[in-house]
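*Asks:* Place chain B on chain A using the hints.
Protein chains in written order, with this note's numbering: chain A, 1 to 115; chain B, 1 to 117.
There's no promise every hint is true.
[To be verified] Covered by chain B, according to a simulated footprint, are these stretches of chain A (three or more residues, beta-carbon under 8 Å):
| id | segment |
| --- | --- |
| 1 | 42 to 51 |
| 2 | 82 to 93 |
[Said to hold, decoys possible] The calculated lysine-lysine pairs, modelled on BS3-like cross-linking and capped at a C-alpha distance of 30 Å, are:
| id | chain 1 | residue 1 | chain 2 | residue 2 |
| --- | --- | --- | --- | --- |
| 3 | B | K109 | A | K11 |
| 4 | B | K112 | B | K16 |
| 5 | B | K70 | B | K3 |
| 6 | B | K109 | B | K3 |
| 7 | B | K70 | B | K112 |
| 8 | A | K78 | B | K109 |
| 9 | A | K78 | B | K3 |
| 10 | B | K109 | B | K73 |
| 11 | B | K3 | B | K112 |
| 12 | B | K73 | B | K112 |
| 13 | B | K112 | A | K11 |
| 14 | B | K109 | A | K15 |
| 15 | A | K78 | A | K17 |
| 16 | B | K73 | B | K16 |
| 17 | B | K73 | B | K3 |
Honestly, the hints are just simulated from the structure, not real lab data.
None of these values were measured; they are calculated from a predicted model.
In this text, a Cβ means the ideal position worked out from N, Cα and C, and glycines have one as well.
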Amino acid sequence: GAGVSQTPSNKVTEKGKYVELRCDPISGHTALYWYRQSLGQGPEFLIYFQGTGAADDSGLPNDRFFAVRPEGSVSTLKIQRTERGDSAVYLCASSLGIGFVAEQFFGPGTRLTVL
Amino acid sequence: AQKITQTQPGMFVQEKEAVTLDCTYDTSDQSYGLFWYKQPSSGEMIFLIYQGSYDEQNATEGRYSLNFQKARKSANLVISASQLGDSAMYFCAMSDDYGGSQGNLIFGKGTKLSVKP
Numbered sequence: 001g002a003g004v005s006q007t008p009s010n011k012v013t014e015k016g017k018y019v020e021l022r023c024d025p026i027s028g029h030t031a032l033y034w035y036r037q038s039l040g041q042g043p044e045f046l047i048y049f050q051g052t053g054a055a056d057d058s059g060l061p062n063d064r065f066f067a068v069r070p071e072g073s074v075s076t077l078k079i080q081r082t083e084r085g086d087s088a089v090y091l092c093a094s095s096l097g098i099g100f101v102a103e104q105f106f107g108p109g110t111r112l113t114v115l
Numbered sequence: 001a002q003k004i005t006q007t008q009p010g011m012f013v014q015e016k017e018a019v020t021l022d023c024t025y026d027t028s029d030q031s032y033g034l035f036w037y038k039q040p041s042s043g044e045m046i047f048l049i050y051q052g053s054y055d056e057q058n059a060t061e062g063r064y065s066l067n068f069q070k071a072r073k074s075a076n077l078v079i080s081a082s083q084l085g086d087s088a089m090y091f092c093a094m095s096d097d098y099g100g101s102q103g104n105l106i107f108g109k110g111t112k113l114s115v116k117p
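Excised from the complex, chain B in its bound form:
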């Protein structure tokens, strides 16, 4: 069965430093998509970054990069130069039908990131 595991309930990082949020996944599909979402205290889910299972290069979006290690089934999020506004819950998610007809997301339990000034 598809599953997303985030083993870090909470993380602290000093402002301007980089931080890595861990995510491992389990799927029997060959085609899948991996996503990271940010959820501030306001509650809205904000899309950050996407990685397709066939993408050879790690995805990057501004200060966000995804460290994709397919053989280890890990998709860690790296945030560079942390800002106070990065304090939020971060969810890793997987779609088990890459660009296909479904696309419903399976989420992990999330990691609460706190950025210290």
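Okay, chain A solo, but in the shape it has when bound:
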């Protein structure tokens, strides 16, 4: 079956621009996570959705970052006024919801480069 997909695979933008990163989870997975992985580091949690609502957004670094999941499936991570420090690989993962072992299936990531 289809895994988690993310688009675009690469995004190059200029400082100050707005970007959107898309995640399409595995069909039927109600939980969706966004992580950010900087070079040489492990992924860092950003935000988690259970269904349509953001159940935990404590990992978002500041108010320039926002994510939505309006229909409980596809999610979009939005970054306003991008900064060079936002350059990283943004990973999306999905899992079956509450009551299951929280094995998360990851997408291939979007590599964001802010010039």
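*Replies:* Frame of chain A; chain B shown alone:
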């Protein structure tokens, strides 16, 4: 605060030999899950093995086993019969809400494993 520590930035192993990748964790929760992921150079995170905090037996998945020592708060990954394709970054991670409503993962910095022919 929850934390995962991987003290080995890089490891080498001869093909067909076994290797242990170290992981220690810190949490005040009684219920938690421990995970190992593999990240090849392609970048995708591949789930390897899971251990729940209440599981009495060490988890095994094929050539992967998890040496879980709860009192020492360690969850080392053992790879038996290493293959060239095992060369990758390996991340230890923890979920601080075992099967619950959150499940967001806290990752270590990773260990780069290189398998020599």
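*Asks:* A separate judgement is required for each hint: does it hold in the structure or not?
*Replies:* Cross-check of the supplied hints:
1. 42 to 51: holds (count 6)
2. 82 to 93: That given contact holds, which follows from 3 residues of the segment 82 to 93 of chain A lying within Cβ reach (below 8 Å) of chain B.
3. B:K109 <-> A:K11: Roughly 24 Å between the alpha carbons, so the hint for K109 (chain B) and K11 (chain A) holds.
4. B:K112 <-> B:K16: 17 Å, holds
5. B:K70 <-> B:K3: Roughly 15 Å separates the two Cα atoms, so the pair holds.
6. B:K109 <-> B:K3: 11 Å, holds
7. B:K70 <-> B:K112: Distance of about 25 Å is within 30 Å: holds.
8. A:K78 <-> B:K109: Given pair K78 (chain A), K109 (chain B) holds - Cα atoms ~26 Å apart, limit 30 Å.
9. A:K78 <-> B:K3: At roughly 28 Å apart (the allowed maximum being 30 Å), K3 (chain B) and K78 (chain A) satisfy the hint.
10. B:K109 <-> B:K73: Judged against 30 Å, a Cα distance of about 17 Å means the pair holds.
11. B:K3 <-> B:K112: Measuring from Cα to Cα gives roughly 19 Å; hence the hint holds.
12. B:K73 <-> B:K112: 22 Å, holds
13. B:K112 <-> A:K11: 26 Å, holds
14. B:K109 <-> A:K15: Holds, at roughly 28 Å.
15. A:K78 <-> A:K17: 11 Å, holds
16. B:K73 <-> B:K16: Roughly 29 Å separates the two Cα atoms, so the pair holds.
17. B:K73 <-> B:K3: 11 Å, holds
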